[in-house]
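Put chain Y on the given structure of chain D with help from the hints.
Residue numbers (the numbering used here), protein chains in the order written: chain D, 1 to 76; chain Y, 77 to 236.
These aren't lab readings, by the way, just hints derived from the structure by calculation.
Keep in mind that a hint or two might mislead.
Said to hold, decoys possible - Here are the computed lysine-lysine pairs in the PhoX-like style, where the Cα-Cα straight-line distance is at most 25 Å:
| # | chain 1 | residue 1 | chain 2 | residue 2 |
| --- | --- | --- | --- | --- |
| 1 | D | LYS30 | D | LYS47 |
| 2 | Y | LYS144 | Y | LYS213 |
| 3 | D | LYS49 | Y | LYS104 |
| 4 | Y | LYS121 | D | LYS21 |
| 5 | Y | LYS202 | Y | LYS85 |
| 6 | D | LYS47 | Y | LYS104 |
| 7 | D | LYS30 | Y | LYS85 |
| 8 | Y | LYS104 | D | LYS57 |
| 9 | D | LYS49 | Y | LYS121 |
| 10 | Y | LYS213 | D | LYS57 |
| 11 | D | LYS30 | Y | LYS121 |
| 12 | Y | LYS121 | Y | LYS144 |
| 13 | Y | LYS144 | D | LYS47 |
| 14 | D | LYS57 | Y | LYS144 |
| 15 | Y | LYS121 | Y | LYS86 |
| 16 | Y | LYS213 | D | LYS47 |
| 17 | D | LYS47 | D | LYS13 |
Stated by the list, open to error - Sample of chain D residues at the chain Y side, in silico, Cβ under 7 Å:
| # | residue |
| --- | --- |
| 18 | LEU15 |
| 19 | GLU18 |
| 20 | LEU38 |
| 21 | TRP39 |
| 22 | ILE46 |
| 23 | ALA62 |
Ideal placement from N, C-alpha and C gives every residue a C-beta, glycine not left out.
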Amino acid sequence: MAKSKGKPRADDKALLAELDKRLASLQEGKGDWNEFWLWWDEHFAIKGKGILDGFLKQKELARGWDSKSKPKRKQS
Amino acid sequence: MGQQIQAEKKAVVNASVFLTAILVDEPKEVRQGAFQLLQDIVAQKVTIHIPDRFEDEVLGGLVEAVTKGRPILATPTAIFSALQRFIRVATIHHRSIDWHAEEVLQAALRWRVSYYDALYLVVAQKVGATYWTADRKLLRFLQHHRFPDLPLMAWIGDYR
Chain D
1 MAKSKGKPRA DDKALLAELD KRLASLQEGK GDWNEFWLWW DEHFAIKGKG
51 ILDGFLKQKE LARGWDSKSK PKRKQS
Chain Y
77 MGQQIQAEKK AVVNASVFLT AILVDEPKEV RQGAFQLLQD IVAQKVTIHI
127 PDRFEDEVLG GLVEAVTKGR PILATPTAIF SALQRFIRVA TIHHRSIDWH
177 AEEVLQAALR WRVSYYDALY LVVAQKVGAT YWTADRKLLR FLQHHRFPDL
227 PLMAWIGDYR
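Bound-form chain D, shown alone (with noise of 0.2 Å):
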């Protein structure tokens, strides 16, 4: 589970409701990108090294890709 030390969470609705005024200020035109970013991370990012990589593995197992395993033996 993820741990819950750290900051109070926040309001999820005022959170959603600031992202969308920023996105439909994007939108026009108006604000600056990297500014946003810097918000997004602030808000919606996830910590933590090594993620995708997990994620990507799950993939590559899925393929059969796992260099780990073994050949399956012949059944007599």
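Then chain Y, alone, in the frame of chain D:
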């Protein structure tokens, strides 16, 4: 990889691209490509096409991310809702209407990839889109084998 690829007007993205946008500790170059693609979606510079399994795949990745990592502020539900803002404008391709299990199965066997890899590639092939992914190993494998009927494919870190 390494070369800069001009953004295509049509793009098929897999879940790894969207996940990259929320994983703050992933390499900057990969995230920059994902951010730029999301910006272009909002600005309607690119139209994205996704199979109807896309949201399930993103949710699967989100569960894994939340289990292994720590959301900075928003709850997982809010993070998913935030990502959905970028999916709203996507063209969604539905099973048995826009794509068929049999053709995806045949493609997976032909290209020697997973059924779900093949699904995205088949959608990209059908609509003439570039397939964008964070999965460099998959791209290397497909580029090495040079299957003649694959769509254009690219690594999200090369998106400009």
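> Of the numbered hints stated previously, which ones are contradicted by the structure, given in increasing order?
Replying inline: 1, 9, 12, 19, 20 and 21
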